[in-house]
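So the chains spell out like this:
Protein chains: 2
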Amino acid sequence: MVLTEVLILLHFLKELPYFSAMIRVIILGAGNVAQHLFTAFYEHKSVEVVQCYNRKGKRLHPNQKENTITQDLNTLKEADVYILAVSDDAIEEVSNLLPFNNKFIVHTSGSVPMNTLNSNHRRGVFYPLQTFSEDTVVDFASIPFCLEAEYEENMIFLKKLTSTLSKKIYEVSSEQRNVLHVSAVFVNNFTNHLFSIANDICNNYNIPFEILRPLVLETAQKATKMNPDLAQTGPAIRNDSKTIKRHLKILTDTTQQEIYKTLTKAIQSKYGKKL
Amino acid sequence: MVLTEVLILLHFLKELPYFSAMIRVIILGAGNVAQHLFTAFYEHKSVEVVQCYNRKGKRLHPNQKENTITQDLNTLKEADVYILAVSDDAIEEVSNLLPFNNKFIVHTSGSVPMNTLNSNHRRGVFYPLQTFSEDTVVDFASIPFCLEAEYEENMIFLKKLTSTLSKKIYEVSSEQRNVLHVSAVFVNNFTNHLFSIANDICNNYNIPFEILRPLVLETAQKATKMNPDLAQTGPAIRNDSKTIKRHLKILTDTTQQEIYKTLTKAIQSKYGKKL
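Residue numbers (the working numbering), protein chains in the order written: chain G, -12 to 262; chain U, -12 to 262.
Hints were generated in silico from the structure; no laboratory data involved.
A few of these clues could be false.
Which copy is meant is left open, so a pair is good if it fits within one copy or across any two.
[What the hints assert, rightly or not] Below 20 Å or equal to it, Euclidean Cα-Cα: the simulated SDA-like pairs (lysine to any residue) are:
#1 252 with 241
#2 45 with 56
#3 252 with 238
#4 252 with 240
#5 90 with 142
#6 209 with 129
#7 90 with 120
#8 257 with 245
#9 229 with 109
#10 64 with 42
#11 32 with 146
#12 257 with 189
#13 209 with 120
#14 236 with 189
#15 64 with 105
#16 229 with 77
#17 155 with 195
#18 45 with 90
#19 64 with 29
#20 147 with 8
#21 252 with 242
#22 209 with 198
#23 229 with 98
#24 64 with 41
All of these numbers come straight from a predicted model, not from anything done at the bench.
Full structure from sequences and hints, please.
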């Protein structure tokens, strides 16, 4: 009983610095993720963005106070977490340039391993799995956050910080995050390229792409409700070689034809049919 | 003046049979499109589904009256339009088997030319450009309808009928519809296959696919708001060969690797970069 009580007390004390006071955050970087994070934290009462660093001294938000912006890493203040929302290539370098040790630093990348960060620090990852545009308002509440931390106490803190933005919190290792990132390339980058091809085909024949928009949305919504394998339809899975041939004739662009053939073959091979 | 008045009167008389009374529809077929159309018309006061034909005598809706179902084409009643919501392969055959001439008949296919229908009839196409599932409620109001008709007066009628379901009405030729259909294969069938691959990759590493759902939805929503070319991001367009190599190592399935390489190459070639 006594031991249990001591453990509870220790646990309480360990978490106390984080939970009793405002969480102090410093954001490094000036890209979309940095800006959207600043805006989200800015509106939150229990988080204070103490300072932002970027090379050009750019404001992340019109309301950001001038004295919270710095272009000099040597003037960085004290914070509970330093969020390196910089490009993948810059993560290692920026972490090496930090003029202090043993602070909790995280990056926001989907593909960079946690241990790319300088080991002088307590390291972590704070990866919002979403595509960000400059002009779009981001609703963080619906965005999954993939978290990683070297130390359990930092993970507890990171979950607390994340919970101010979103309920979708996942502990994800660097290896799993890499897998998620390649999956994200399929559902975002490659999917968007298919939309871009459809847009090109429609333009070639003076057909408004808007006719396809409801189909684009329904296709995505379906995949969030059912296993995509069960939603597969079309000439490939029907083995409808007549339609496939007619489609290939419409596509005069050889790259479009190659993509059509590769994906048709893949669908047929997955569902047990052959060209 | 007199001529104008006569023309107006003639125009009025021509349209009168359609607009003054209930529109009488007969649906042939028992698939998803037939069922969803029946349900939509069933709830609409100005349209009466006089009869439905399918080989098995299947009800299209639990509330459908038994005496409005037939398995025998020879018992087909009089209607303003006969909608052949049958599979692509059956359209020609069913149109040949109709035991009357010179009626207005339409099919609902994206890829079959209008003139596949038997020329004894006044022909048309009534193609709802959407993916239909058996269990999902369909909101026709947001679905684009691609219409085609041999005769102007049938087109006027078809637009009137369609307007009871949707405001998104497009006059689309058989050739344009074919182009839309191949575009639909890209944004629906192929996109869904990319979702299916991402699902497989996640399953292989015991990562819940649900983490990717918000990204799936946002990717689609973005494409409905901006030109997909402007939304393109990722390692391919960044020419990030380090990440591309790492991704290809994660993909152990050769088909997945081939799709990754083909789409990466296509993105790089479209946006002026080379592997």
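From the Cα coordinates, with 20 Å as the cut-off, is the pair residue 90 and residue 142 best called within, between, both, or neither? within (14 Å within a copy, 71 Å between copies)
- Query: Which holds for residue 209 with residue 120 at a C-alpha limit of 20 Å: within a copy, between copies, both or neither?
  - Reply: Between copies only: 9 Å across chains, 24 Å inside a chain, cut-off 20 Å.
**Asked** From the Cα coordinates, with 20 Å as the cut-off, is the pair residue 252 and residue 241 best called within, between, both, or neither?
**Response** For residue 252 and residue 241, both the intra-copy (16 Å) and inter-copy (12 Å) Cα distances are at most 20 Å.
Residue 209 and residue 198: within-copy, between-copy, both or neither at 20 Å Cα | both (18 Å within a copy, 15 Å between copies)
Homomeric proximity label, residue 229 with residue 98: Cα distance no greater than 20 Å: Close across copies (10 Å), not inside one copy (42 Å); limit 20 Å.
Q. Given a CA cutoff of 20 Å, do residue 236 and residue 189 count as a within-copy pair, a between-copy pair, both, or neither?
A. Classified as within: same-chain Cα gap 15 Å, cross-chain 35 Å, threshold 20 Å.
| message | At most 20 Å between CA atoms: does that hold for residue 64 and residue 42 within a copy, between copies, both, or neither? | response | Within one copy only: 16 Å inside, 77 Å across.
| message | At most 20 Å between CA atoms: does that hold for residue 155 and residue 195 within a copy, between copies, both, or neither? | response | The answer is between: 12 Å across copies meets 20 Å, while 37 Å in one copy does not.
Review point. How do residue 252 and residue 242 come out at 20 Å by Cα distance, when the copy is not named: within, between, both, or neither?
Key: both (15 Å within a copy, 9 Å between copies)
Q.
I want to check one pair: residue 252 and residue 240. Are their C-alpha atoms no more than 20 Å apart within a copy, between two copies, both, or neither?
A. Classified as both; 18 Å inside a copy, 14 Å across copies.
**Study point:** Intra- versus inter-copy proximity for residue 105 and residue 64 (alpha-carbon distance at most 20 Å)
**Key:** within (19 Å within a copy, 80 Å between copies)
* If the cutoff is 20 Å on CA atoms, where do residue 45 and residue 90 land: within, between, both or neither? Let me know, please. => neither (24 Å within a copy, 69 Å between copies)
Taken one by one, the earlier hints fail for this structure at numbers 7, 9, 18, listed in ascending order.
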